[in-house]
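Q: Sequence:
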Amino acid sequence: MPLRHALLAVLALAPAPTLAASFDCTIVQQCGGGTCEAFEGGPLVVKEAGDVWQVSLAGQAWEGYSTTTVEAGGEVSIVLPPQNGISGLISIYPSGEVSFTVHAYGDAAVAITGSGTCAGEGG
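Position 16 (the sequence shown) corresponds to 141 in my numbering; numbering is contiguous.
Hints in this document: simulated from the structure, not taken from any laboratory.
Careful, some of the hints might be misleading.
[To be verified] Pairwise CB distance ranges, derived in the manner of DEER restraints:
#	residue 1	residue 2	range
1	A174	A233	30 to 38 Å
2	P207	K172	14 to 22 Å
3	D149	S191	14 to 22 Å
4	D232	D149	32 to 40 Å
5	G159	Y230	15 to 23 Å
6	D232	G199	38 to 46 Å
7	G159	A244	27 to 35 Å
8	G157	P206	17 to 25 Å
Ideal placement from N, C-alpha and C gives every residue a C-beta, glycine not left out.
Given these sequences and hints, build the entire structure.
A: What follows is the structure, given as structure tokens:
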């Protein structure tokens, strides 16, 4: 087999790169301090960027790290280490639903949760 044909055969058998996952999420409600209310802060955008996930909401941006792989179970779970005043966890489920928890400290410790739905692609 000529070298050219061998190289083409190897390339044909090589795995194709997967598309980066990207989600645009609508947060419906947020809860904190014992009360829940409608969320009006705009979309939560979650985008895979190499080894990190870029997360943005209401003009703020964070980077997080996946605790799962989409291939392993369909759920995307992203931990946000402390940065820009918060830390947290975002879970995007195979159904398209999203839930998140954000922790912050100002005058006192605050925990805020939220939920909604996402549209996404890739993975």
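Q: G159 and Y230, beta-carbon distance inside 15 to 23 Å?
A: With Cβ atoms ~18 Å apart, the hint holds.
Q: Using the C-beta atoms of A174 and A233, is the stated range 30 to 38 Å upheld?
A: Holds - the Cβ-Cβ distance for A174 and A233, about 33 Å, lies within 30 to 38 Å.
Q: Return holds or violated for the Cβ distance of D149 and S191 against the range 14 to 22 Å.
A: About 18 Å separates the Cβ atoms of D149 and S191, which means 14 to 22 Å holds.
Q: Starting from the range 27 to 35 Å, see whether the pair G159 and A244 falls in it by beta-carbon distance.
A: holds, 31 Å
Q: Using the C-beta atoms of D232 and G199, is the stated range 38 to 46 Å upheld?
A: holds, 40 Å
Q: That 14 to 22 Å hint for P207 and K172 (C-beta), does it hold up?
A: holds, 21 Å
Q: Does 17 to 25 Å hold as the CB distance between G157 and P206, or does it fail?
A: holds, 21 Å
Q: Hint says 32 to 40 Å; check whether the CB-CB distance for D232 and D149 agrees.
A: At 33 Å between Cβs, range holds.
Against the hints set out earlier in the document, no violation occurs for any number.
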